[in-house]
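J.: The primary structure of each chain is shown beneath.
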Amino acid sequence: MAQDGKLDQLSEFEVEVECLMQALYLRWGYDFREYSRASLRRRVARYMSDNHILRPCDLQHELVRDKKRCVHFVRGLTVNVTDMFRDPVFYRVIREQVIPELRSHPFIKIWHAGCSTGEEAYSMSILLHEEGLGERAVIYATDINSQVLDQASKGVYHDKMLATARENYRDAGGKSGLDDFISVGYERFLIDPGLKKNIVFTQHDLVTDQVFGEMQMVICRNVLIYFRRELQTKVLTLFHNSLDLGGFLGLGIKESLRSLPNEFRYKAIDESARVFQRID
Amino acid sequence: MNQQECSSGLIKQVELVVIGASSGGLDVLITLLKTLPEHYRIPTVAVLHQRPNRSSGVPEMLAKYTHLQVQEPEDKQGIEAGCFYVAPPNYHLLIDSGKVFSLSLDAPLNFCRPSIDMAMESAAEVYQQHLVGCVLTGANADGAEGVRYIKENGGYVMVQEPAEATVDSMPKAAIAATEVDEILPMVRIAERLSSFAAGGQS
Ligand SMILES: C[S@@+](CC[C@H](N)C(=O)[O-])C[C@H]1O[C@@H](n2cnc3c(N)ncnc32)[C@H](O)[C@@H]1O
Numbered sequence: 001m002a003q004d005g006k007l008d009q010l011s012e013f014e015v016e017v018e019c020l021m022q023a024l025y026l027r028w029g030y031d032f033r034e035y036s037r038a039s040l041r042r043r044v045a046r047y048m049s050d051n052h053i054l055r056p057c058d059l060q061h062e063l064v065r066d067k068k069r070c071v072h073f074v075r076g077l078t079v080n081v082t083d084m085f086r087d088p089v090f091y092r093v094i095r096e097q098v099i100p101e102l103r104s105h106p107f108i109k110i111w112h113a114g115c116s117t118g119e120e121a122y123s124m125s126i127l128l129h130e131e132g133l134g135e136r137a138v139i140y141a142t143d144i145n146s147q148v149l150d151q152a153s154k155g156v157y158h159d160k161m162l163a164t165a166r167e168n169y170r171d172a173g174g175k176s177g178l179d180d181f182i183s184v185g186y187e188r189f190l191i192d193p194g195l196k197k198n199i200v201f202t203q204h205d206l207v208t209d210q211v212f213g214e215m216q217m218v219i220c221r222n223v224l225i226y227f228r229r230e231l232q233t234k235v236l237t238l239f240h241n242s243l244d245l246g247g248f249l250g251l252g253i254k255e256s257l258r259s260l261p262n263e264f265r266y267k268a269i270d271e272s273a274r275v276f277q278r279i280d
Numbered sequence: 281m282n283q284q285e286c287s288s289g290l291i292k293q294v295e296l297v298v299i300g301a302s303s304g305g306l307d308v309l310i311t312l313l314k315t316l317p318e319h320y321r322i323p324t325v326a327v328l329h330q331r332p333n334r335s336s337g338v339p340e341m342l343a344k345y346t347h348l349q350v351q352e353p354e355d356k357q358g359i360e361a362g363c364f365y366v367a368p369p370n371y372h373l374l375i376d377s378g379k380v381f382s383l384s385l386d387a388p389l390n391f392c393r394p395s396i397d398m399a400m401e402s403a404a405e406v407y408q409q410h411l412v413g414c415v416l417t418g419a420n421a422d423g424a425e426g427v428r429y430i431k432e433n434g435g436y437v438m439v440q441e442p443a444e445a446t447v448d449s450m451p452k453a454a455i456a457a458t459e460v461d462e463i464l465p466m467v468r469i470a471e472r473l474s475s476f477a478a479g480g481q482s
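Here the protein sequences line up with chains A and B, keeping their order. No gaps in the numbering here: position 251 of the first sequence is 251 in this note's numbering, and each next residue is one more. No gaps in the numbering here: position 186 of the second sequence is 466 in this note's numbering, and each next residue is one more.
Keep in mind that the hints were calculated from the coordinates and are not lab data. By construction, the Cβ of each residue, glycine as well, lies at the ideal position given by its N, Cα and C atoms. Among the clues, some could well be false.
Which stretches of chain A does chain B cover? Using the computed rule of at least three CB atoms under 8 angstroms from a CB of chain B, they are [stated by the list, open to error]:
hint, stretch
1, 188 to 195
2, 221 to 232
3, 254 to 267
Can you make the complete structure from the sequences, with help from the hints?
T.: As C-alpha cells, this is what we get:
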C-alpha cells in the first residue's frame, strides 16, 4: 500500500490521540502507549463527548496541567466489566484439574492481575473454601484502577448481577449454593466477610510495576486483549517470572499463548478453558 | 491487482468486507456463502448478534457451505485472505492498526455485544476506502452508525433489500443513516462481492 500511502497514514484525530498518550506518560507516568488503539480511541472519544471537548489536543492541554482531571480521565480509559464466575468452564477446570495439584502445597499464593471490582477474586475464594483450601491460600488481587479496588474491597454488589452469579456458580460445579457465601439485602448482596480474610487488594500497574513473587497461580483474564502484541509479550514475561515452576496460568477465554515467545514454556491443562502450566 | 469499477465510479481495491446481521442473519449468511465463487478470497468478517453463550457452534455450521476457512478470530490474530471470520459471542470485535483483530469487553452498545457499529467504525479507520460494509436483516438499528462512518471514510456500502429481509429495521436504519451505494437482495450482494474479488490475486 505504499504508493497510495493512505493505509498507513493516521487521521488528525488519531495523531492527536498518539500525542495525548505520550504526554500523559511524560507528565504523569501513565503508560497507555502500548494499548490497542481501536478501543482506546473509542474511550477517548467517549470522554471528550461527555465533557464537551472537541479535540484530543485540547484535552491534552488540560490534562498535563491538572493531575486530578487526569486521574479521572485515566479511570475512564479502562474497561472494568466483570462477573462472578465468569466463564464457568474456567472455574470448573480449576476445580477439577488444578486444585488436586495445589493440595500438595502447604501454602498457596494466587495472583489475580486486573481483578477489576473483585468478583473474580471472590469467586476463587469461594471455590478454595469449598475445596477446603481457604485457610491455606492467599489471594493477591490487583488492578491499575484504584476506584474499582475500593469497590472490590467492600464486596458489595448490585442484585441485578445475582441471577447470573447463581447460574454461573452452578455451571462452574459449585458444591452447595452461592447463597452460603453471600448475604442478600435490599438491592444489594454482600460477600461473606470470612471470604475476604485471605484476599489482599492492592494497586499494581502491569505496564510499569514489577514482578509479584513466587505464585502457584497467576490469573489474568480479559486484560491482555487491551494490549498490543508487544505489550502482551512483556506482561506474559512478567507473569512467567512471578510463577513457580509447575505453577498455573489462567487467561481469558479468547486469549492465548499462541505464537508468543513463551508459548513452549507452558503446557495446556485445558486449551479451551485457557488454563496452562509452567513447565520450563 | 484486484481493481474494480464500482457503480460510484471509483476505482476500488477491496481489502476487507464487514457484514452485520441480527435476527434471521444465519440463513442469509448461508445464502451468501453458498453463492460466493471459488475465486472469492477477500477476508470477510460477519458480526452476528447471538445469544451470549460460551460456544455458539455458528462457525462449524457455516463451514459446511463454503470453501473459505471459517473461524472465530482470536485476539490480535492477523486478518488473512481466504478467511471468513465470525465475531465471537459476548465480545466486541474490533479491527486494529496492523490489520489485526482486537477483542473488547466494553459494555454492550445499544444492547449489542458484539456491536456491528463498533466493528465497522474500527475497520473504516484502518481500511478507509478499501472497505466494504453490508447490513443485512435484523431487528434493531445496529450497523447504521457503522455504515455512515464507512461512507465518511470513503468505503463502499451495500444493504439488503428491506422487503427481502426477515426483519427490515436494521436495513432501513442503515439506509436512513447515510447515502448507501446499493440496496440489493442477498444473492445480488453476493454477486457484487464476487465481482470485487474477480480481479484475481490470491
Ligand atoms: C475487563 S476487566 C477484567 C476483569 C476480570 N479479570 C474478568 O475477566 O472478569 C479489565 C481490567 O484490567 C485492568 N487493567 C487495565 N490495564 C491495566 C494495567 N496496566 N495494569 C493492571 N490492570 C489493568 C482494568 O482496570 C480492568 O479492571
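J.: All the hints need checking, so say for each whether the structure fits it.
T.: Structure-based check of each hint:
{"no.": "1", "hint": "188 to 195", "verdict": "violated (count 0)"}
{"no.": "2", "hint": "221 to 232", "verdict": "holds (count 7)"}
{"no.": "3", "hint": "254 to 267", "verdict": "holds (count 4)"}
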